[in-house]
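**Q** Below, each chain spelled out in residue letters.
Number of protein chains: 2
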Amino acid sequence: MHIPEGFLFSAIACGIRKRDKLDLGLILCQNKGVASGVFTRNSVKAAPVIIGKKHLRSSVTRAILVNSGVANACTGEDGLHRALKLIEETAKLLKISPEELLPASTGVIGEPLPVETIIPKLPILIETLSTNNYSLFAQAIMTTDTFPKIVSKTTKDGIALLGIAKGAGMIAPNMATMLAFILTDASIQKEDLRSLLVRGVENSFNRITVDGETSTNDTVYALASGKKQVDDWDDFADSFQRTLRELAYLIVKDGEGASKVIRIVVKGAKTKEEAKILARAVAESPLVKTAFYGEDPNWGRIFASLGKTGIALDPSEVELYLNKVPWIQNLKPQGAEKTFKEELAKSEIELLINLKKGKQSYEIFTCDLTEEYIRINASYRS
Amino acid sequence: MHIPEGFLFSAIACGIRKRDKLDLGLILCQNKGVASGVFTRNSVKAAPVIIGKKHLRSSVTRAILVNSGVANACTGEDGLHRALKLIEETAKLLKISPEELLPASTGVIGEPLPVETIIPKLPILIETLSTNNYSLFAQAIMTTDTFPKIVSKTTKDGIALLGIAKGAGMIAPNMATMLAFILTDASIQKEDLRSLLVRGVENSFNRITVDGETSTNDTVYALASGKKQVDDWDDFADSFQRTLRELAYLIVKDGEGASKVIRIVVKGAKTKEEAKILARAVAESPLVKTAFYGEDPNWGRIFASLGKTGIALDPSEVELYLNKVPWIQNLKPQGAEKTFKEELAKSEIELLINLKKGKQSYEIFTCDLTEEYIRINASYRS
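Protein chains in written order, with our numbering: chain U, 1 to 382; chain W, 1 to 382.
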């Protein structure tokens with residue numbers, strides 16, 4: 001793996017929620033980094049989201065500090081004070097200004113961030129900073145995730161990109177309960193990084209759904225160390241987009257309890273907005289998601305979920321394709337049920353819905369809904 | 001139980017989907033009945049919905065014919081022909097006009113209604129019509145329901161009301177996969193029955209959600225035999241409303257896999273619409289519903305679901321009450337976790353959310369989300 005130049009990583013276990021689980025991670029940019037961020041649209045915003053937005057106004061960013069276990073959301077003034085205290089202490093030890101540090105948190109909402117326990121451990125966090133500890137950082141930000149999510153890319157110019165993310169529930173368009181960090185050694189203007197990130201998030205993290213929820217803490221930060229000249233901008237932009245899309249894919253793949261990733265494409269819509277509403281309705285339908293889990297080619301549920309949007313459509317015109325195999329045309333299955341059961345038994349499924357009304361399309365990734373999702377979420381805190 | 005005068009009921013097993021399950025039910029009004037109906041807002045409408053709407057234009061209604069097993073939705077022209085054929089044959093045997101019969105269907109979408117099998121059995125259906133067979137009718141319309149849903153009321157004037165419904169999944173505001181039939185022996189004008197029904201549905205079936213789905217077949221018919229004079233209109237209207245609300249409650253209680261009924265009330269909102277959006281967001285949140293199932297007082301999920309609507313709110317102002325017990329004020333639990341766990345262990349729960357921003361309120365009923373919901377829906381067809 002090709003790690004972008006200029007970054008150090010570390011992670012430690014502070015016992016924020018569970019003993020011996022890595023729960024605090026730090027990324028240090030060794031020189032004056034340039035950063036951008038995109039945050040949750042939930043109107044209830046966690047303390048680190050409020051602070052992160054403010055700190056992004058600084059022209060220089062040097063560090064990202066993330067904890068798991070406690071979201072520091074719905075914690076009011078006290079939550080802000082605790083987050084700021086932790087940032088100040090970390091900045092002091094790193095000899096940077098507090099505004100140069102971006103915070104993020106994930107975990108249970110409504111509980112206080114135990115800064116008393118965390119602060120005494122900061123010196124160890126800083127002493128253990130190293131280039132290779134990126135995978136420990138990826139582990140430290142996990143909650144119900146079953147695997148760390150790391151993507152790396154190198155452009156033709158030799159510019160490196162490293163993406164690290166966590167999922168895995170409360171995932172829905174307009175971000176997700178997800179944190180993602182995109183690091184690169186490219187030399188880039190703050191405004192260019194912002195436009196890349198905003199467009200990238202729209203085509204990646206805003207196109208995944210696990211359960212239709214939107215968290216209080218969703219955060220994507222991009223941080224560039226500026227070590228390398230970008231000669232081929234298109235190639236760099238493309239690698240940046242692919243990094244985000246691959247991270248988003250890993251999040252759905254690790255959706256809570258998920259056994260399958262389903263790519264849903266609505267094409268032939270009159271407008272982009274119509275395609276998006278219909279794709280999202282199918283992707284979020286519990287009846288469609290349980291049918292995928294049961295590997296049951298119950299196509300009527302797909303039609304019912306399209307219709308519940310209220311968007312006018314003629315069912316006899318709508319065509320379905322499963323993994324490119326023609327499935328439904330003129331309201332009739334185009335083959336034996338067995339064929340479609342076999343397609344649904346795969347762990348990666350593509351459902352194409354052709355409305356044949358226009359030229360617009362939209363793509364979204366979802367997962368199936370299983371008993372395991374219920375088990376995880378009925379007992380997440382215990 | 002006081003059955004409205006002028007109605008006969010029957011039900012038989014035609015093997016539409018399962019052998020020996022009652023799957024065809026008939027209600028006959030012995031004189032010239034007056035009817036009204038409310039239907040799904042799903043833009044994909046089943047054949048019986050399209051026909052039912054048309055037949056309601058007739059000034060006289062004499063019968064309601066309902067099958068379970070096959071929804072006759074997404075069946076195109078062929079579906080309409082099959083439904084009309086069944087209606088014509090039944091009307092002929094009953095010696096009524098086809099327009100005087102209202103149809104309804106529930107079951108799997110996209111499969112043909114097996115009229116060839118049903119029609120030869122119609123004579124038995126008609127021969128067995130009797131006053132007492134209303135409970136057989138209630139059983140015949142069940143799909144994944146675990147119990148028949150029957151409500152009866154008598155006004156001070158001695159007017160009888162009988163409500164029969166089926167749930168139990170695909171339930172969401174704007175009706176549900178639900179069928180409901182309200183019968184009364186009141187003498188009432190068609191327009192008055194319509195206004196009672198529209199208002200009643202808004203305050204009952206449109207206030208329940210099991211899984212946020214809206215079916216292709218939702219239908220509520222009201223049918224009055226006109227045998228009795230209404231002297232006290234308010235008392236009659238009130239009994240009518242309560243019949244609908246009690247039926248709606250039974251549907252949530254029997255929500256697929258549900259172990260608890262949860263009444264969610266949002267008060268102190270600036271507008272009714274705001275209260276409705278917030279109440280619905282909480283009622284449909286899979287994370288809130290799984291926390292209720294796990295009896296976990298994870299109040300942060302309630303705040304996160306309020307916030308995901310994007311409606312501006314100050315979390316520190318929002319108060320939560322669980323079964324009238326103060327739960328959260330100023331972002332702090334108002335008692336030991338044990339207290340709230342005990343409240344959540346009950347099978348009927350009331351969650352009151354006070355926004356303290358205005359004077360508007362909204363109420364909705366939901367249920368918890370359990371592994372059983374997944375099991376039912378991953379294998380519904382098999």
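It is worth saying that the hints were derived from the structure and are not from the lab. Careful, some of the hints might be misleading.
Said to hold, decoys possible - Okay, derived cross-link-like pairs now, BS3-like style, lysine-lysine, Cα gap no bigger than 30 Å in a straight line:
(1) U/K21 - W/K270
(2) W/K253 - U/K54
(3) U/K270 - W/K18
(4) U/K253 - U/K153
(5) U/K53 - W/K270
(6) W/K341 - U/K276
(7) U/K53 - W/K357
(8) W/K356 - U/K332
(9) U/K227 - U/K54
(10) W/K357 - U/K338
(11) W/K356 - U/K54
(12) W/K332 - U/K21
(13) W/K21 - U/K332
(14) W/K18 - U/K341
(15) U/K332 - U/K276
(16) U/K85 - U/K21
(17) U/K332 - W/K53
(18) W/K332 - U/K121
Stated by the list, open to error - Which residues of chain W face chain U? A partial, calculated answer using Cβ under 10 Å:
(19) E116
(20) T117
(21) W233
(22) G294
As the list claims (entries may be wrong) - Footprint (simulated), chain W over chain U, 3 or more residues, beta carbon under 8 Å:
(23) 268-276
(24) 285-296
(25) 312-318
As the structure is a computational prediction, the values presented were derived from the model and not from experiment. Ideal placement from N, C-alpha and C gives every residue a C-beta, glycine not left out.
**Q** If a hint holds in the structure, say so; if it doesn't, say that too.
**A** Okay, the hints, checked on the actual structure:
1. U/K21 - W/K270: violated, 44 Å
2. W/K253 - U/K54: Violated, because 47 Å separates the two Cα atoms, which is more than 30 Å.
3. U/K270 - W/K18: violated, 41 Å
4. U/K253 - U/K153: Within the cut-off at roughly 20 Å; holds.
5. U/K53 - W/K270: holds, 29 Å
6. W/K341 - U/K276: violated, 40 Å
7. U/K53 - W/K357: holds, 27 Å
8. W/K356 - U/K332: violated, 53 Å
9. U/K227 - U/K54: Roughly 25 Å between the alpha carbons, so the hint for U/K227 and U/K54 holds.
10. W/K357 - U/K338: Outside the cut-off at roughly 56 Å; violated.
11. W/K356 - U/K54: holds, 29 Å
12. W/K332 - U/K21: OK: W/K332 and U/K21 at ~27 Å, within 30 Å.
13. W/K21 - U/K332: holds, 27 Å
14. W/K18 - U/K341: holds, 21 Å
15. U/K332 - U/K276: Roughly 25 Å separates the two Cα atoms, so the pair holds.
16. U/K85 - U/K21: Roughly 23 Å between the alpha carbons, so the hint for U/K85 and U/K21 holds.
17. U/K332 - W/K53: holds, 26 Å
18. W/K332 - U/K121: OK: W/K332 and U/K121 at ~28 Å, within 30 Å.
19. E116: For W/E116, the interface hint is violated, since the closest Cβ of chain U sits about 19 Å away, which is over 10 Å.
20. T117: Where the cut-off is 10 Å and the nearest Cβ of chain U is about 20 Å from W/T117, the hint is violated.
21. W233: violated, 34 Å
22. G294: holds, 3 Å
23. 268-276: violated (count 0)
24. 285-296: With 8 residues in contact (Cβ-Cβ under 8 Å with chain W), the coverage given for the stretch 285-296 of chain U holds.
25. 312-318: holds (count 4)
The earlier numbered hints that this structure contradicts are 1, 2, 3, 6, 8, 10, 19, 20, 21 and 23.
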